[in-house]
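Protein chains: 2
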Amino acid sequence: MQTPKKVGITGSGLVGSLLAIYLKRQGHDVDVYDRRPDIRNMEFSGRSINLAVSTRGWKALDHVGIREEIQALAIPMDKRAIHVQSKPVYYQYYGKEGEAIYSISRGVLNKKMIDLAEKEGANFIFESKVWDVSLSEAILYTGDSEKKDLEPQPYDLIFGADGAFSRIRHKMQRSSMFNYSQSFLKTGYKELSIPANAGNTHRMDKNSLHIWPRGEFMLIALPNLDGSFTCTLFMPYHGENSFEQLDTESKVQAFFKKYFDDVVKDMPDLITEFFKNPTSSLVTIKCEPWTSFDKVALIGDAAHAIVPFYGQGMNIGFEDITVLNQLIEQHGDDWKSIFEDYQTERKPNADAVAELSYRNFMEMSSKTADEMFLLRKKIEKRFSEKHPDKWMPLYSRVTFTTDPYSEALKQGDLQKAIMDDIMKMDSIEKLWDSERVEQRILQELNQS
Amino acid sequence: MQTPKKVGITGSGLVGSLLAIYLKRQGHDVDVYDRRPDIRNMEFSGRSINLAVSTRGWKALDHVGIREEIQALAIPMDKRAIHVQSKPVYYQYYGKEGEAIYSISRGVLNKKMIDLAEKEGANFIFESKVWDVSLSEAILYTGDSEKKDLEPQPYDLIFGADGAFSRIRHKMQRSSMFNYSQSFLKTGYKELSIPANAGNTHRMDKNSLHIWPRGEFMLIALPNLDGSFTCTLFMPYHGENSFEQLDTESKVQAFFKKYFDDVVKDMPDLITEFFKNPTSSLVTIKCEPWTSFDKVALIGDAAHAIVPFYGQGMNIGFEDITVLNQLIEQHGDDWKSIFEDYQTERKPNADAVAELSYRNFMEMSSKTADEMFLLRKKIEKRFSEKHPDKWMPLYSRVTFTTDPYSEALKQGDLQKAIMDDIMKMDSIEKLWDSERVEQRILQELNQS
Numbered sequence: 001m002q003t004p005k006k007v008g009i010t011g012s013g014l015v016g017s018l019l020a021i022y023l024k025r026q027g028h029d030v031d032v033y034d035r036r037p038d039i040r041n042m043e044f045s046g047r048s049i050n051l052a053v054s055t056r057g058w059k060a061l062d063h064v065g066i067r068e069e070i071q072a073l074a075i076p077m078d079k080r081a082i083h084v085q086s087k088p089v090y091y092q093y094y095g096k097e098g099e100a101i102y103s104i105s106r107g108v109l110n111k112k113m114i115d116l117a118e119k120e121g122a123n124f125i126f127e128s129k130v131w132d133v134s135l136s137e138a139i140l141y142t143g144d145s146e147k148k149d150l151e152p153q154p155y156d157l158i159f160g161a162d163g164a165f166s167r168i169r170h171k172m173q174r175s176s177m178f179n180y181s182q183s184f185l186k187t188g189y190k191e192l193s194i195p196a197n198a199g200n201t202h203r204m205d206k207n208s209l210h211i212w213p214r215g216e217f218m219l220i221a222l223p224n225l226d227g228s229f230t231c232t233l234f235m236p237y238h239g240e241n242s243f244e245q246l247d248t249e250s251k252v253q254a255f256f257k258k259y260f261d262d263v264v265k266d267m268p269d270l271i272t273e274f275f276k277n278p279t280s281s282l283v284t285i286k287c288e289p290w291t292s293f294d295k296v297a298l299i300g301d302a303a304h305a306i307v308p309f310y311g312q313g314m315n316i317g318f319e320d321i322t323v324l325n326q327l328i329e330q331h332g333d334d335w336k337s338i339f340e341d342y343q344t345e346r347k348p349n350a351d352a353v354a355e356l357s358y359r360n361f362m363e364m365s366s367k368t369a370d371e372m373f374l375l376r377k378k379i380e381k382r383f384s385e386k387h388p389d390k391w392m393p394l395y396s397r398v399t400f401t402t403d404p405y406s407e408a409l410k411q412g413d414l415q416k417a418i419m420d421d422i423m424k425m426d427s428i429e430k431l432w433d434s435e436r437v438e439q440r441i442l443q444e445l446n447q448s
Numbered sequence: 001m002q003t004p005k006k007v008g009i010t011g012s013g014l015v016g017s018l019l020a021i022y023l024k025r026q027g028h029d030v031d032v033y034d035r036r037p038d039i040r041n042m043e044f045s046g047r048s049i050n051l052a053v054s055t056r057g058w059k060a061l062d063h064v065g066i067r068e069e070i071q072a073l074a075i076p077m078d079k080r081a082i083h084v085q086s087k088p089v090y091y092q093y094y095g096k097e098g099e100a101i102y103s104i105s106r107g108v109l110n111k112k113m114i115d116l117a118e119k120e121g122a123n124f125i126f127e128s129k130v131w132d133v134s135l136s137e138a139i140l141y142t143g144d145s146e147k148k149d150l151e152p153q154p155y156d157l158i159f160g161a162d163g164a165f166s167r168i169r170h171k172m173q174r175s176s177m178f179n180y181s182q183s184f185l186k187t188g189y190k191e192l193s194i195p196a197n198a199g200n201t202h203r204m205d206k207n208s209l210h211i212w213p214r215g216e217f218m219l220i221a222l223p224n225l226d227g228s229f230t231c232t233l234f235m236p237y238h239g240e241n242s243f244e245q246l247d248t249e250s251k252v253q254a255f256f257k258k259y260f261d262d263v264v265k266d267m268p269d270l271i272t273e274f275f276k277n278p279t280s281s282l283v284t285i286k287c288e289p290w291t292s293f294d295k296v297a298l299i300g301d302a303a304h305a306i307v308p309f310y311g312q313g314m315n316i317g318f319e320d321i322t323v324l325n326q327l328i329e330q331h332g333d334d335w336k337s338i339f340e341d342y343q344t345e346r347k348p349n350a351d352a353v354a355e356l357s358y359r360n361f362m363e364m365s366s367k368t369a370d371e372m373f374l375l376r377k378k379i380e381k382r383f384s385e386k387h388p389d390k391w392m393p394l395y396s397r398v399t400f401t402t403d404p405y406s407e408a409l410k411q412g413d414l415q416k417a418i419m420d421d422i423m424k425m426d427s428i429e430k431l432w433d434s435e436r437v438e439q440r441i442l443q444e445l446n447q448s
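Chains as they are written, first to last, in this note's numbering: chain S, 1 to 448; chain X, 1 to 448.
Next up, chain S with everything else stripped away, as it sits in the complex (with noise of 0.2 Å):
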């Protein structure tokens, strides 16, 4: 328990509210601001993939006692179903026996979160927006309007936890030596979904995350409880085969029939949505330093916001959470360390993980139709089975493990190197679960 601090907190989303229940069990006060309206009370908005919480989220979640609460509203998913044109479907599992990553609406979990986040004391202040900070002094400055006068609202601590667009960041970039960049993927995305069966049951396996991968476009498919799917369509802006392509229904038609032939029938909104929908995008930001003054941090996405094709983004930003607790527990109240400590652990990780993110855009939507990668793929998943202490794969590490995502890049980059010489092995197709080959992935490893 340390000497209680006020606190206050930007943003209630799940990084946000998580935050916050850990804050008061070491005694803070704690106020959390979001300009917009309780989620609690809003139909949620159709501009959101599906989450998969995976082991750094469920460990965060785990030790304020709140796993179980959130896994009743979340399903497994142990494989890939992967819907290639004119094949039957191809299930790649994503671990060992037992191991899966776990599918839940954004929206069911948030509404969730700040349940739990009130009946810990935290005290949420929506519906008012935080137009500036005052860094050094750690002061909130909220009102209806940056017109006019605003309300100072000061804490000894603030945490901007208000995603990739985050005000508090943005006030620390006016600063010199702040480091920052932003980019944007030429791709963007849109929700769909897949209503489910009548009596509540799934229209496909509902353990598996389905991809469509197209190449330069994809479809993908996470269940829900309620036997639906949320269906996320990710595709250029520009160019064949984009958003601004399609844009009239029958040019929508079209093209589902042409390349989703299989599921078009399971989508019967599907022309009302693709209209309603937004089309969002995808966008990574980087930023150094995430502290102000031992006073202001970030958190989550407002320091590191990633593209999706990992899966990661809430569970790193969880992460940051477990790893901040560790600190505070170590530190006791001295915050200058607290925050130190914090950004000099974090940023390579969330480096790495933002490069793995980027990378894995291109693995789902053109490598898992290749014959010549899922094969490479049942190799390393042979070779780990057989020397698991020699070999876990990339997916796994990230995925199943808490190891920092900096060693994950830099092992998986290791394992590529050695698997791209195991593929230019002539006839690899026959020799894949070969003596041979095993025997060749042991000597590349000894060498390395």
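In case anyone wonders, no lab produced these hints; they're calculated from the structure. It should be emphasised that the depicted structure is a prediction, and the values quoted were computed from it without experimental measurement. Yeah, the Cβ is synthetic: ideal placement off N, Cα and C, and Gly gets one too. There may be inaccurate statements among the hints.
To be verified - Ranges between beta-carbon positions, derived for each pair:
1. S:E407 x X:N179: 27 to 37 Å
2. X:P388 x S:M177: 41 to 51 Å
3. S:K416 x X:S176: 42 to 52 Å
4. S:P348 x X:T401: 56 to 66 Å
5. S:Y237 x X:Q85: 54 to 64 Å
6. S:E407 x X:G239: 19 to 29 Å
7. S:E444 x X:Q411: 52 to 62 Å
8. X:G239 x S:D149: 22 to 32 Å
Place chain X on chain S using the hints.
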């Protein structure tokens, strides 16, 4: 001559003023806004690095017939004068006989450029801050305070020439799909000076850019017409030998005595200047797109701020204007095509010169003190003189040609790979001017 447009330019710096001259020549109405007072009525600020005008800069001035007037204010520097500790000064020529870069004070040049632009009929509005801009309508909003009602200033076209911390770009950054990065060096800089001798003569060779390379830090000095030199100390903010460390007069005195003993006697105002002049930061800024709604474009530092170590900041800004003017003549009133081609042509070149400038800090501060590096330059120079059709040194291509910067970077990387091999040859110190070295370079060039 084009259909006359009403054009607003933000920023009365070098690029803003020269652009005003070009646009007046094309027949447009031109207003130039600056939030600062008229520089012609001010003492210049003591936070500048002298400029080195080179071929690209001269070309842009020449085209509107003002080269001679400007050149009269500049001093040619045909070489580096390298002051290694406890060694005689070493002179390294920049190019061939007759090739030089031209030292000019930023303040002197800027005052002259504003005079010339006013003479062309451009309308300068000083002490008028642009708080906001409508990108889609090309309206600038000016006024005394952001809190009060702003005055709309409608234009047909707007150019943001408002430097590294551009307000126009800041507005663009808030729109979706705008890629942006700002990256600060951990090294800052401070302006110092060497006054003239009695009789306005220079205390050192006036046709040299003087460098005192000291590894992590360096001092440079560029000549002024009045016999003085403008010096710049580049040094890390923190750590050993840093601005942070030099916090007392005696520490500054001891530091200069230790590292710059041959020049400190010529710096009578050192202590006053060191504590009066600000420590300024060095930033690289990249963004994309540079244009918005075919009505607003960024130019100069606003589009591509770079670190000063290649002496190209002003030169690339002026070259932006040369290219823009060529496109205006090519496309006439088709501003959509002008803006599209402008960005397509300039962006890769801006990225290339950012990279070259960043790399050159190491060359100037460390490598110019390294004998093997100087030998490498001698080998390159010898080969280049014998085979001018086969090898143009990178520095020359950047500085003394108008070849695209992106091409210079590419050729430079190729040459570097070859020279890395050459420098590994046994006894290269003895062999350097031999037939064998020459043949080896020719052979590697043929293979590349």
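Subject >> Hint numbers contradicted by this structure >> reply: Of the numbered hints given earlier, those the structure breaks are 3, 4, 7 and 8, listed in rising order.
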